[in-house]
Every structure is written in C-alpha cells, then in structure tokens.
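Colleague: Taken in order, these protein sequences are the chains called A and B. If you count by my numbering, then the first sequence holds residues 37 to 151, one letter each, in order. If you count by my numbering, then the second sequence holds residues 2 to 116, one letter each, in order.
Everything labelled a hint here was simulated from the structure, so no lab data went into it. Errors might be hidden in some of the hints.
[What the hints assert, rightly or not] Selected chain A positions facing chain B (Cβ under 10 Å, derived; list incomplete): (1) 61; (2) 66; (3) 79; (4) 83; (5) 89; (6) 109; (7) 133; (8) 140; (9) 141; (10) 143; (11) 146.
Cβ atoms here follow ideal geometry from the backbone N, Cα and C, with glycine treated the same way.
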Amino acid sequence: AQTVTQSQPEMSVQEAETVTLSCTYDTSESNYYLFWYKQPPSRQMILVIRQEAYKQQNATENRFSVNFQKAAKSFSLKISDSQLGDTAMYFCAFMKGMGAQKLVFGQGTRLTINP
Amino acid sequence: GAGVSQSPSNKVTEKGKDVELRCDPISGHTALYWYRQSLGQGLEFLIYFQGNSAPDKSGLPSDRFSAERTGGSVSTLTIQRTQQEDSAVYLCASSKRRGEGETQYFGPGTRLLVL
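If we strip away everything but chain B, and leave its shape as in the complex, we get (with noise of 0.2 Å):
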C-alpha cells in the first residue's frame, strides 16, 4: 500500500514568511508524529497525534509552530514568520494504533530553505 507523502518536497520561502507543510499518513494509522531534522540539532520530536486525543504538543519549539490533523488524517504543520534557524527538514511519521513500541513508518520529508 501507498506509505506517508508529504508535500512539498521542497520549499524555500523568505523570512517573515508563513509556510504550511502537509503530511498525509498511511491509511488506518491512527497516530502521528512531526519530527524536525537539522544539522546543529540533529532529530528532534516535535508534536504528536492519537485519535482524538489531544495533540502532544511538548516539543515545538517556539509559538510561531503550530499543526493540526484534519478528520483523523491529514496533518498540516504551520510556521508563522519564519527565521532561518527554521531551515530544515521536516519529517512525519504514522503508526498503527495506540500500542507500546509501536513501528513509525516515516515519509520523505519536506526540506524547507529560509532566505
């Protein structure tokens, strides 16, 4: 079956600037996770969706990030008046269902380039 898409693949944006990045998960998974990858920080957590349970929220850096998860499914993660230090990759990941150790399958990730 189709894994996790992300859009886009790539963005570059000015600073100042709103970017919206999209995940779309494997279909069925009922959690799922934006992780931020960069070179001075490595991989790191940043927000968490179960069902309907409220988001885990703990990891986002700053209030200029925000994400939400339309009907259980799409997941579109925000930044508001992006900074350089914003430049990175993003990557979403699902799992099946609210278990322990469960498997995160990981899309491509958006690469985003802040002028």
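Next up, chain A with everything else stripped away, as it sits in the complex (with noise of 0.2 Å):
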C-alpha cells in the first residue's frame, strides 16, 4: 500500500515570502502521479500542480514548482511571493498509473500567510 507523509502539521510566513511545504511517501510503482491540492477555509479542493513521475522535469504553475526527488521518493512544493490568498491546507497525494485512480493523501499542512 502507499503511503504520504507531510511532516509539517502548520508553517507560517510572511507575505511576500518563499515557503516549502514537504513530501514524502512510499511505493513500489514505477509509474505514478503526485498532486498538490489547496483547500481554503471553504472546503473546495483546489488542484495546485501535477507531476508525473516518467517526467525529469520538475513542474511549475507560476508562483508554484515542486523539487520532485524520486529516488528519495520527495515532493516537495515552493510558493514564491506567498499571498494573503495562499492561505489554506495543502495536500500532497498520491495516485498509481495504473488501477483505480484513487488518490491517497497525506495529513496536510496549514499554511498562513502574515501580512
């Protein structure tokens, strides 16, 4: 079974600020995806980026990149120039290339931007 592990259960910045959330988990596929979702005071689950761990490339969506490591099995996100609006859970998740698509997700970290 896979597993996540954020070792992070809250960080807090200032705006303006670069932050790094931590990742990791534990698979014995070679093909996966991994995911970071935002889910602010409202519930909703936002999709943050998406990395495919065929790719070499580290992904990036503006402010946001991950440092994908898959020989030590991290992923790892960065937000630069954090936002009041960058407040939120973050998720990291986990999801095999093959089967069911289910995502498996880790605990979560809380995030806060300070003004």
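With the hints as a guide, bring both chains together as one complex.
Modeller: Rendered as structure tokens:
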C-alpha cells in the first residue's frame, strides 16, 4: 500500500516570502502521479500542481513549483512571493499509474500567510 | 463551465438515522469518486465509479455505507443507521476519462454531523 507523509502540520510565513512544504511517499510502483491540492476555509479542494513520475523535469505553475526527487521519494512544494490568498491547508497526494485512480493523501500542512 | 456540486452543504442528523448525500459531477466526466475527510483519519477514499464498470468499493468502511450512480452522472452516497464516528466532510470528485493520472476536480463537500 502507498503512504504519503507530510511532516509539517503547520507553517507560517510573511507575505512575499518563499515557503517550502515537504512531502514524502512510499511506493513500490514505478509509474505514478503526484499532486498538491489546496483547501481554503471554503472546503473546496483546488489542484495546485501535478507531476508525472516518468518526467524528470519539475512541474511549475506560476508561483508554484515542485522539487521532485524520485529516488528519495520526495515531492516538495515551493510557493514564491506568497500572498494572503495562499492561506489554506495543503495536501500532497499520490495516484498509481494503473488500476483505480484513487488518490492517497497526506495529513496536510496548514499554511498561514501573515500580512 | 459548472464545477462539481454537492448537496446538502451541511447535514445534522441523529444517531441511527439514514442520510443521503448527493454529488453532481462535471458534465462529460466519466469517473466519479467519494472521499471522507475527518479529524482522526484525514482524507480517505471511499468508492470509485468509472463509466459502466462495476464500482471499486474497497474504501467503504462498513456495510452501512453504499453508493450508486444513476445514468452515469449523479451519484448518491447513503449511510444507514448513522453513528457518531460517521461525522465528517464527504467530498466528491470527478475526472474526464479513464486514463492515467487524470486530475480530479472536487466539489465543496457535505459536512455531516451525527448527534
């Protein structure tokens, strides 16, 4: 079974700073996908970024980027120039490449951006 | 276009009552997922529907939980004889088609409180 671990329950930074959220996972699969989702107080889970394990290049989406280290089974999220609207719970998630496409989530990191 | 919708937004019920939670996926999405988010267990997969295939029910916690998807669109999650430990946010997600690593789009969830 796959497991996803987020070791930082809470983080807090000042607006405009850069913050990195950690995620490690355990799997014996060779083909899989990794995701970061954001959940603001509204409860709506929003996709932040997606990474295919077979791609060596790290995914980026505007201010959001990942550091994907396949051998170390690490998938951290970097948020640059943080904004107040980035305040949310962030979940790292794993999906196998074959079979049922269910997501396995980490426990989440509560990120607060302070003005 | 419209996103995934869920109803009701909040539901309060008494222990032992049955509840039905509804999910309306994004139009054209063939895959539909239910997850449960609780303080103690985090985010857990419950059930997965893909087209006309038999659903993957491997995440349902007990036989009090069931789900159906009518006409390949709307889904209903039913919890019979609710217990206090069923209190959680129930999230529904849908994705475009059966492929690898398809992004799942989430609804706003139903918060269930069992008294």
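Colleague: Decide, hint by hint, whether the structure agrees.
Modeller: Status of each hint after checking the structure:
no., hint, result
1, 61, "violated, 14 Å"
2, 66, "violated, 12 Å"
3, 79, "holds, 5 Å"
4, 83, "holds, 6 Å"
5, 89, "holds, 9 Å"
6, 109, "violated, 17 Å"
7, 133, "holds, 5 Å"
8, 140, "holds, 7 Å"
9, 141, "holds, 4 Å"
10, 143, "holds, 5 Å"
11, 146, "violated, 13 Å"
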